Amino acid sequence: MFKIIKNHVAKPATLAPLVAKSAPLASLVPKRASPARLLPKRASPARLLPKRASLAPLVPKRATLAPLVPKRASPARLLPKCPTGIQGLDEITGGGLPRGRPTLVCGGAGCGKTLLGAEFLVRGATQFGEPGVLMAFEETEPELKANVASLGFDLAGLVRRKKILVDYVHIEPGEMQESGDYDLEGLFVRLNHAIDSIGAKRVVLDTLEALFSGLRNEAILRAELRRLFRWLKDKGVTAVITAERGREQLTRHGLEEYVSDCVILLDHRVNDQIATRHLRVVKYRGAMHGTNEFPFLIGENGLSVLPITSLALNHQVSTERIATGIPRLDVMLGGQGFFRGSSILLTGTPGTGKTIIAANFAAAAARRGERVLFFSFEESPNQIIRNLHSIGLQLEPLVKRGRLRFHSARPSLYGLEMHLATMFKEIAEFQPHVVIVDPITSLMEAGTDSECKGMVTRLIDYLKGGQVTTLFTSLTQGGHALQQSEMAMSSLMDSWILLQDFEGNGERNRVLYVLKARGMAHSNQVREFLISNRGIDVVDAYIGPSGVLTGSARAAQEALEKASLLTGQQEADRRKRELERKRAAIERQISGLRSEYETEALELRRIDEQVGISTLLLNSERAASGRLRQADAKVAGALRHKTRLARTIA
Amino acid sequence: MTAKKTTPPATNPRRAAGKHWQLRLYVAGQTFRSRTALVNLKTICENHLPGEYSITVIDLLKQPQLAKGDQILAVPTVVRKLPKPVRILIGNLANTDCALVGLDLRADG
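Sequences listed follow chains A and B, in order. The first sequence lines up with residues 1 to 650 when you count with the working numbering. The second sequence lines up with residues 1001 to 1109 when you count with the working numbering.
To be clear, the hints were calculated from the coordinates, so they are not data collected in a lab. Model, not experiment: these values are computed from the prediction. Check each hint, because a few of them may be wrong.
Claimed, not checked - Below, a list of computed lysine-lysine pairs in the DSS-like style, where the Cα atoms sit at most 27 Å apart: (1) Lys-1062/B / Lys-235/A; (2) Lys-400/A / Lys-453/A; (3) Lys-283/A / Lys-233/A; (4) Lys-1081/B / Lys-235/A.
Start from the sequences, fold in the hints, and give me the full structure.
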């Protein structure tokens, strides 16, 4: 399991090119991975002072954020710890088991005591360079090697390389006859020899209580055990002693009396037919520790304790946005889609298209060249591929190119913790950019609500730490109280899209709306979305006095609007034509009047001319008659007048 | 390894089956308890197995690697290697009755 942590830590590096955009925010939040870089800054306030003096930024950046990420107290003040390397256990115990002291691990049969001890040694030898001795009272060396090999530990190889020494102490009850006084120096000698021969720093005594079955003199045994633990402390080895859980006390023979530095209790409980292992640190002298019961499981990579509180809320955030694969949905989410590394919840009643939207998102990411991991708890991969083929979404090529990976499992296959561990493992292996969980509600059947919330919290923390965008679909039952049932989980989510179907006019229609989207301006509109063989299409729903109209009602409303628009258009056209006609009529009238006027003007001129001519004729006639009457004086005057008139006319 | 071989003069008629008793005594250092154990073991052997036994004393402080072979936990421990089957007897053999049972000498004693 440690491998996961390792990968997990290494991940930001692999994602680096993708989160390049997040530079402005990344620089604000101190990087967890490099405390060394931060320390000098804090240590030298002198360097900060000039900044403050110049008032460039009013408060130095570091100073504002320093209290946000509390540093652990310096290790010097704390008890020296011996990291176990077991995922989660070191986080609960604040660094590991007390170094140089014995730790008691107790629990009933099948709790994983021996495995915890074995992993403590194997991790110590492989990761921390501390050789270890496993003194087994119950299992022989070949048995142990075979058992831990199933957890991926190469005990045989470590034994060959002298990193681990396995000493099987055979105790056959009743085989030993006792006579008189004795002590357990033989055991001490063996242990001492084993420790010295490989320079061991860690010791595991697997079920020391087996001694109680072999040796009858309990007074001697108890005295010797007390001496043994003292001796182990003096030897300076970090020891793990396993013991069977007793009926009324922690161990069957009261070993906790002798080992008082650290006591860890393992427990295997069955709840609703699902067994979950729990770990609790009962006691840890001289150190803070998580006191809760933490579920743990034994996976393919050893033990993995899953503390809810393991990760602090200080993961990096990205300002990069990633498209949802549905352009209209991107528009609703502030025009750009989700934030990278955010958690998205998609809730809806059955058949509202959750998987389709999720698959669209997955396909869009895969087409961008990102890796997508699709956890399906209801459908098999092939079924999803086939079903989405029907809406024109081709997932198979993406799967073939290794961009999209499916992981299908029935929720009832195993307990919640095992699911979580499997998911962690898959995530660590595939290193996805986007994770889809479809649907998260199926997993709720595998545990109680609080367990499920705890699991989702851990999953989100884990994924956010690696800046993995996660989309959970959630099935809500019934048509109402949609938002209530998911309350517990919704607070963990950054974005929440609700799918709903409306029934009316003898049909069901799907709508979606963005219930919340942290950190972005998002649409408050209810949108209808249509699923056709060409894919998803988000359209405006008609919102009128009678509420949201969808489907055929929306179509009818649209037709109605279209018709009324057409009528208006026609009316306008008609009026326009009428006006045109009127104008033409007036124009015609105007031209009639004008021609009339011109006729009249012509008439006037003709009259003028006629008057002139008649006057001339009259004058000439008068002259002629005067001549006839020989009126000389008059004739002479008339002639002059006639000449003038003629000139005028000419 | 301190090997002491004691051959008693007298023979026990009841044990004259020609069997040789091979005993190992594991101790951790020359403590009072280990010395007592050796003395007690010798006494028992002399009384019951005169001339038919050999005792090998192994000091685990000097040869700790030998503890694993005979699965030694407690000291002192007497391991009866021969005759088979192997029998293990722990303690300083102060309780002779228990020691005889442990060494399987009582059945015919």
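Verification of the supplied hints:
1. Restraint check: the Cα-Cα separation between Lys-1062/B and Lys-235/A comes to about 19 Å, which is no more than 27 Å; the hinted pair holds.
2. In summary, the hint linking Lys-400/A to Lys-453/A is not supported, as the alpha carbons are separated by about 34 Å, beyond the 27 Å threshold.
3. Of the pairs offered as hints, the one joining Lys-283/A and Lys-233/A holds, with about 18 Å between alpha carbons and a cut-off of 27 Å not exceeded.
4. Restraint check for Lys-1081/B and Lys-235/A: not satisfied, since their Cα atoms lie roughly 34 Å apart, outside the 27 Å limit.
This entry does not satisfy hints 2 and 4, going by the numbered hints stated previously.
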